[in-house]
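Protein chains in written order, with this note's numbering: chain A, 4 to 733; chain B, 47 to 255.
The hints are simulated quantities; they were obtained by calculation from the structure and are not laboratory data.
If you're wondering where the values come from, they're calculated on a predicted model, not measured in any experiment.
Some clues are possibly wrong.
Said to hold, decoys possible - With a Cα cut of at most 30 angstroms, we get these calculated BS3-like pairs of lysine-lysine:
(1) K731(A) - K174(B)
(2) K407(A) - K154(B)
(3) K72(B) - K188(A)
(4) K563(A) - K173(B)
(5) K72(B) - K187(A)
(6) K173(B) - K731(A)
(7) K174(B) - K563(A)
(8) K209(A) - K110(B)
(9) K136(A) - K85(B)
(10) K563(A) - K175(B)
(11) K406(A) - K154(B)
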Amino acid sequence: MIDEKLKTYRINRAEYQKICDLLGRPPEGVEWALFSALWSEHCSYKSSKVHLKKLFSTSSRVLQSFGENAGVIDLGEGEKIAFKMESHNHPSFIEPYQGAATGVGGILRDIFTMGARPISLANFLCFGNPSAKRMSRLVEGVVAGISGYGNCVGVPTITGQTEFHSSYDTNILVNALAVGYFGKKDPVVTSVASGEGNLVVYVGAKTGRDGVHGASMASESFDESSASKRPTVQIGDPFFEKLLIESCLEVIRADLVVAIQDMGAAGLTSSSFEMAAKGNVGFEIHLDKVPLRDPTMGPEEILLSESQERMLLVCEPSKLKAIEEVFSRWGLDATAIGRVFSERRVRLFWKGEVISDLDPHLLTENAPQYERPFEVWTSPKKVERLGDLPALNETDGLLENTKKTLESVQGCSRRWIYRQYDQRVGALTARDCSSSVGVQRLPESGRALGLVLGCRPYVMRLDARLGGMDSVYEPALQLAAKGFEPLAVTDCLNYGNPEKPSLMSEFVASVQGMSQACESLKAPIISGNVSFYNETEGKNITSTPSTGMVGLRERIALPKEHLQNAGDEVFLIRLPMVSTWGQQGELMERLEFCGELDPDRLSLFVKDLWTWTKDLGVEVSTRVVGKFGLLYALARFCSEEVGIRTQNGPWAQAPQDWFKENFYEVLFSAPLGSFSAENIKSRFSVKDVQVWKIGEAVSGQIELEGRTFSLTDLSLMYETGWRTHFEKLS
Amino acid sequence: MIGVLRFLGTNCDRDLYQAVEAVGLKPQWIWYQDTFDPKAYEALLIPGGFSYGDYLRSGALAAKAPAMKSLTEAARAGVPVVGVCNGFQILCEVGLLPGVLLKNQNGKFIDEWVDLEVVAASPYTGKKKVRYPIAHGDGRYFVTEEDLKKIQDKDQVWLRYFDNPNGSTFDIAGVKQDGVYGLMPHPERALSEWMGGADGAGFFEGFLK
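Construct all of the structure, not just a fragment, from the sequences and the given hints.
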């Protein structure tokens with residue numbers, strides 16, 4: 004009997020004992036459902052909390068961080084932004100369109116519930132091999148879901164990252180990020196309830212049976228029965244969300260609201276218990292007053308429903324009428340379903356009878372915290388000196404192999420994806436998904452806000468600690484190369500089963516690496532989420548701590564993405580710390596690296612870089628060298644018309660070096676005579692920075708050691724590569 | 047005063063409002079439930095962006111709104127009317143413009159910059175060739191061969207794609223009828239170089255004429 008209940012509610016023996024101790028009796032009735040939801044990994048962070056507490060998360064700019072729906076940072080000049088990233092992996096694998104769509108809807112609610120108007124979206128996607136079972140359909144469904152929701156709700160998708168690897172064959176990753184904007188007059192609101200006698204008001208869509216038990220579903224591994232969990236995936240309605248954005252911002256900005264929170268994972272349960280717990284107050288909730296799509300629903304289903312596009316707010320009784328008017332003008336209902344009282348209790352009523360009466364802290368503060376076993380990280384793939392890649396050590400094969408990299412699923416254009424996203428609605432977009440950094444113009448000050456995603460799964464497979472640091476430094480460098488000061492980070496920590504010590508070790512090593520990198524850059528992690536149990540039948544994903552980083556720049560005119568005119572000089576700026584065959588090496592089964600990242604010097608390098616490029620504009624172009632090394636980066640640096648003439652040199656002494664990845668290096672081009680290697684080097688105070696002029700821009704082709712390749716061929720490879728991997732997608 | 051219509055779900059409304067302000071004109075919101083005096087505005091604009099979530103058919107529900115009744119009267123009385131993207135779809139739905147807009151040929155939403163040719167007299171652009179972004183799922187303009195001939199004879203096709211992105215009949219990106227203009231591309235997203243192009247500024251200067 005008890006065993007069956009424990010299984011249904013996904014509560015283990017020890018947790019059951021803890022519940023009994025806290026209550027002084029066994030749980031009864033809906034209490035089972037409440038503990039199941041709020042003590043789930045998804046809601047309670049029970050495996051990660053001890054480590055998350057150590058994250059670097061403060062700076063003078065941080066106004067809100069963990070604990071609220073989204074982090075908020077101060078941009079100065081009266082402007083602020085809220086931003087956060089969240090995973091929707093499990094639902095997206097089961098039902099890709101709705102899973103991805105509701106991921107977008109959920110992250111948007113986290114933003115506007117703070118009072119910020121959502122201004123941009125980004126997504127970090129990891130798929131399996133294109134040939135894996137269902138993969139084409141998953142790619143198509145996820146992209147259509149993001150596009151269908153984001154475009155309709157009217158928030159542009161301005162950047163993204165898409166990775167492919169067999170470790171995601173049976174567990175894809177869908178991480179959505181949203182940024183919201185506050186102007187000078189816009190207040191920041193929180194979910195901290197207060198005020199005895201105030202009303203608890205339900206707004207938005209009616210409650211249905213969708214998503215019941217979603218939070219606990221997202222907290223376990225997949226098996227063959229996963230397809231049967233389809234009913235636990237929520238259904239989204241972006242039109243409704245658009246109305247909710249406008250109406251919520253209107254009531255918040257008219258100062259009609261005391262506190263507000265969206266009903267996300269575990270729906271009404273988490274929103275009501277968390278709001279009461281944070282405010283140290285009591286909530287009396289009449290579940291029979293909750294607007295329902297299906298009148299036969301019972302109290303437990305109402306509590307756990309994850310129906311989308313719903314919010315819970317607290318207001319003074321005198322303001323209810325004004326709130327109702329606003330929502331009604333937007334075609335929505337606002338219904339008072341309870342009230343606030345002073346003692347810290349959540350009292351749930353069903354048809355006049357109390358069905359639960361608990362101190363909310365039992366559920367929100369007393370959830371178990373696990374110190375899952377892990378081992379100290381030892382970097383098993385670190386070597387003293389990199390071996391050779393003989394297959395690529397012939398000058399004749401260099402350009403041929405570059406064509407292969409441009410055509411590969413790792414290296415080809417993602418245009419098929421982002422062409423489906425509205426990247427410009429809102430009329431703030433200055434750089435779209437085709438650029439290395441998404442850029443928007445801040446409405447009131449006219450300054451530029453940069454947004455870039457981080458985490459390279461192949462670096463994570465190389466080394467969890469290096470990969471964690473790289474998840475922060477690589478996007479920081481992307482921002483710095485365009486003259487943005489990196490300000491703050493959100494993360495989405497996607498991992499396998501934390502009960503396996505080898506995976507917990509990767510988690511700890513990578514999160515420590517991220518935190519150390521953030522601290523060195525003084526760019527705190529201000530929001531995020533953890534997704535564990537990305538495991539199917541014992542197979543775990545690559546540990547993938549994706550990040551989103553924002554940066555600020557005074558001038559909206561910024562360095563371009565591609566070479567501009569024949570005759571321009573091309574420079575390479577390198578701070579050598581780590582060398583690896585990287586993405587190319589992985590394809591050739593040469594997973595090794597040497598060296599290590601030094602946070603002190605690296606953070607100085609990043610700072611020197613943006614301090615210099617912040618004053619440069621469209622006359623220069625920059626590109627961070629990344630996957631597949633220098634030659635791939637040069638091929639991508641070329642425009643449709645302008646290529647480069649270059650040769651071996653100190654930057655690439657042997658042919659194979661053109662595919663080596665050096666952490667970190669940046670390409671820079673400028674009109675003839677405007678810069679010199681010495682002049683650029685003088686901008687960097689950190690020692691060991693190397694700067695070379697590696698070539699000059701020429702018309703129509705790439706010329707390397709006397710061999711030439713037409714840009715038309717290269718861009719054809721890059722653009723048509725996608726189709727060779729996904730023939731079935733229109 | 048330039049009236050800018052807002053329906054439930056409209057999402058390019060604020061962009062268009064700001065574009066009107068940017069050329070020094072005074073915009074004013076018109077809420078979909080309100081009717082208005084046909085002579086109250088110098089011009090009327092219907093923004094793009096998913097009114098009513100494109101339910102039923104893009105533009106179909108907005109076409110039934112009270113404000114559209116007044117807009118139709120105003121158009122008949124000679125007040126200039128412009129519909130961008132979803133606004134174009136709505137104008138076709140109410141019959142103020144010929145043709146219909148169907149799902150893009152590839153079945154997908156398309157966002158990209160396109161080159162356009164202005165092929166008939168129009169106050170809404172300074173140049174013969176312009177570059178604006180498109181962002182639509184239902185942008186394939188369709189008319190029967192017979193109707194195409196009719197609108198060509200009357201010079202009603204005013205904007206065409208150089209490189210047809212969506213399968214539109216005769217590469218049509220915009221049509222007009224009397225003082226009513228519709229176009230799928232978004233000039234309000236091309237107001238200055240930082241946006242990626244500034245050709246759209248000339249579009250809004252058309253309201254000054």
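Cross-check of the supplied hints:
1. Restraint check: the Cα-Cα separation between K731(A) and K174(B) comes to about 39 angstroms, which exceeds 30 angstroms; the hinted pair is violated.
2. Of the supplied pair hints, the one linking K407(A) and K154(B) holds, its CA atoms being roughly 28 angstroms apart against a limit of 30 angstroms.
3. Restraint check for K72(B) and K188(A): the C-alpha separation of about 23 angstroms stays at or below 30 angstroms, so the hint holds.
4. For the hint linking K563(A) to K173(B), the alpha-carbon distance of about 26 angstroms falls within 30 angstroms, and the restraint holds.
5. Between K72(B) and K187(A) the CA atoms are separated by roughly 23 angstroms; this keeps the pair inside 30 angstroms, and the hint holds.
6. Of the pairs offered as hints, the one joining K173(B) and K731(A) is violated, with about 41 angstroms between alpha carbons and a cut-off of 30 angstroms exceeded.
7. At roughly 28 angstroms between alpha-carbon atoms, K174(B) and K563(A) fall within 30 angstroms of each other, so this suggested pair holds.
8. For the suggested pair K209(A) and K110(B), the alpha carbons sit about 26 angstroms apart, so the restraint of at most 30 angstroms is met.
9. Distance check on the hinted pair: K136(A) and K85(B) sit about 62 angstroms apart at the alpha-carbon level, beyond 30 angstroms; violated.
10. In summary, the hint linking K563(A) to K175(B) is supported, as the alpha carbons are separated by about 24 angstroms, within the 30 angstroms threshold.
11. For the proposed pair K406(A) and K154(B), the alpha carbon gap of about 29 angstroms is at most 30 angstroms, so the pair holds.
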